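Protein chains: 2
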Amino acid sequence: MKTGKSRNKTYNVKMSVMYDGSRFQGWQRLGNGKENETIQGILERCISDILEEEVMVIGSGRTDAGVHAYGQVANVHITKELDLNEFQNQINQSLPKEIQVYGLEYVANQFHSRYDATSKYYEYHIGIGEVESPFYRKQRLYVREELNLDLMRKAAEYLCGTHDFTGFSSTMKDGRNTVKTIYEIEIMKEKDQIIISYHGDGFLYNMVRILTGTLLEIGQGDRTPESILTIFEKGDRQYAGKTVEGKGLFLKKVVYI
Amino acid sequence: MKTGKSRNKTYNVKMSVMYDGSRFQGWQRLGNGKENETIQGILERCISDILEEEVMVIGSGRTDAGVHAYGQVANVHITKELDLNEFQNQINQSLPKEIQVYGLEYVANQFHSRYDATSKYYEYHIGIGEVESPFYRKQRLYVREELNLDLMRKAAEYLCGTHDFTGFSSTMKDGRNTVKTIYEIEIMKEKDQIIISYHGDGFLYNMVRILTGTLLEIGQGDRTPESILTIFEKGDRQYAGKTVEGKGLFLKKVVYI
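Chain order of the listed sequences is A and B.
Residue numbering for the first sequence follows the numbering used here, starting at 216 and increasing by one per position.
Residue numbering for the second sequence follows the numbering used here, starting at 216 and increasing by one per position.
Hints were generated in silico from the structure; no laboratory data involved.
Note that the structure is predicted; figures quoted are calculated from it, not measured.
Treat the hints with care, as some may be off.
One copy or two, it doesn't matter: identical chains are merged, so the pair holds either way.
As the list claims (entries may be wrong) - BS3-like cross-link-like pairs, simulated, lysine-lysine; straight-line CA separation at most 27 angstroms:
1. K406 x K224
2. K404 x K467
3. K229 x K369
4. K295 x K462
5. K249 x K449
6. K468 x K406
7. K249 x K462
8. K353 x K449
9. K449 x K369
10. K395 x K406
11. K449 x K468
12. K404 x K249
13. K457 x K406
14. K229 x K468
15. K404 x K224
16. K312 x K404
17. K406 x K229
18. K369 x K457
19. K353 x K312
20. K369 x K467
21. K229 x K457
22. K404 x K353
23. K369 x K224
24. K462 x K312
25. K295 x K406
26. K312 x K468
27. K353 x K406
28. K369 x K295
So that you can see chain A by itself, here it is in the shape it has in the complex (with noise of 0.2 angstroms):
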């Protein structure tokens, strides 16, 4: 390892990272030989192995097995200052394609990808129409009754603002604040999805999908939007609905202002 010019110099690069999730076990590093099968830990080895030092790859927050990102963002300290066009180039390379990484830049040594961030954007798509389009088995959860998005988006009124989301979250209780905001549900329909967008301060652990697994069974008539109501009083996870599948998320953009 070369000593730098100032010793413990170290420079923060800041990058988002783009991944088709579908054959990862999520965002955070496992041990015992599963290495790659984590985004962070491609990206750390990845990275490690092309500055011929340990790094720690830090993301905004994990994402599960099997969901995606347009744009998560990470940051790694590195010891050399880099052409980080170059830099970028060489992650990419070295990355496997479903893994690639763009927007390389240096940030203040302080920065913090996950401390820093202040909102964060995720979509589910859900495919829809008569029969299951071929191309995005991996990336859409496929939904064939008819959804009735009106009943939807009056539910997704009464979720937007400041609220306990104990009961839309599968964490234990461990201290964490389940107090948070969203600021926006948007619920568009395409030609052959439906994207369920949300903008929030921050998510609990599972708690886009199974915000998505609640709004679905109110779109087929299962439950109704007041009950949304009646979860938040009660706080426990068993009056939503289900969680759905990881394959159709999207960590579509994370803020820092």
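Add chain B to chain A, keeping to what the hints say.
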């Protein structure tokens, strides 16, 4: 096997077929234990199993290994009159998710998917931008260099019309008619892809892939739009551009009038 009301009475069913061709050896049936490696082979096995009778599935034309379809058309003669909604569901449930059929309808007995096709639409999808999208790595060719679309559109004008397309084909001289008409070539730029859409009365073996390879070389400045005229004049494959990969190609629509 049941005997129909009138001996030899058959019903002709037309269907549209969508497929993600990534893991298949193309449309055309292969023997020798490779029945499950082609779209036609899988469809025939699947329909034969449902009906408990041997069937032949006639496609509008072959697609190569790795090539996809939104609207391939096929027809099959069967000896039982079935509820086609139910039949479609049975077929789709037994097909792998990469292949799905839709729009089943009874047509005249003499209808033939290949002979009766009057024109076809193909699309070739090209990923662009600094980073290759992880989501379409098996459904797009990725080209990093900037493409000059004006030059490509100029060349497309030369290609449209009725010509002998021998120079744009891998076909051996087998007496088939090599004169085809291209009605329109559209070159559309979206955020992270370029789509080249072809509409013609028929296409020779590898023709869309060679046309696309030639247009890309023009867009990259490696040949001029006027080189199209030379290829027509020489009528020789070696003057055209390279055959691009099958993975970016989609059979979009087959027209019967």
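Intra- versus inter-copy proximity for K449 and K353 (alpha-carbon distance at most 27 angstroms): Result: close neither inside a copy nor across copies, 34 angstroms intra and 46 angstroms inter.
Homomeric proximity label, K449 with K369: Cα distance no greater than 27 angstroms: Answer is within: at 20 angstroms inside a copy they meet the 27 angstroms cutoff, but 66 angstroms across does not.
Within, between, both or neither, where K353 and K406 count as close if Cα-Cα is 27 angstroms or less: Close inside one copy (18 angstroms) and across copies (22 angstroms); limit 27 angstroms.
Same-copy or cross-copy closeness of K462 to K312 [CA-CA at most 27 angstroms]: both (18 angstroms within a copy, 15 angstroms between copies)
Within, between, both or neither, where K468 and K406 count as close if Cα-Cα is 27 angstroms or less: both (24 angstroms within a copy, 17 angstroms between copies)
Within, between, both or neither: K295, K462 at alpha-carbon 27 angstroms: neither (37 angstroms within a copy, 39 angstroms between copies)
27 angstroms Cα threshold - placement of K468 relative to K312: within (20 angstroms within a copy, 30 angstroms between copies)
Homo-oligomer pair classification [K404, K312; C-alpha up to 27 angstroms]: between (30 angstroms within a copy, 23 angstroms between copies)
Intra/inter-copy verdict for K369 and K224 if alpha-carbon distance must be at most 27 angstroms: neither (53 angstroms within a copy, 55 angstroms between copies)
Within, between, both or neither, where K295 and K406 count as close if Cα-Cα is 27 angstroms or less: For K295 and K406, neither the intra-copy (49 angstroms) nor the inter-copy (34 angstroms) Cα distance is at most 27 angstroms.
Within, between, both or neither: K353, K312 at alpha-carbon 27 angstroms: both (16 angstroms within a copy, 10 angstroms between copies)
Alpha-carbon proximity context of K457 and K406, limit 27 angstroms: within (26 angstroms within a copy, 35 angstroms between copies)
Checked against the numbered hints given earlier, the structure breaks hints 1, 3, 4, 5, 8, 10, 11, 12, 15, 21, 23, 25, 28 and satisfies all the rest.
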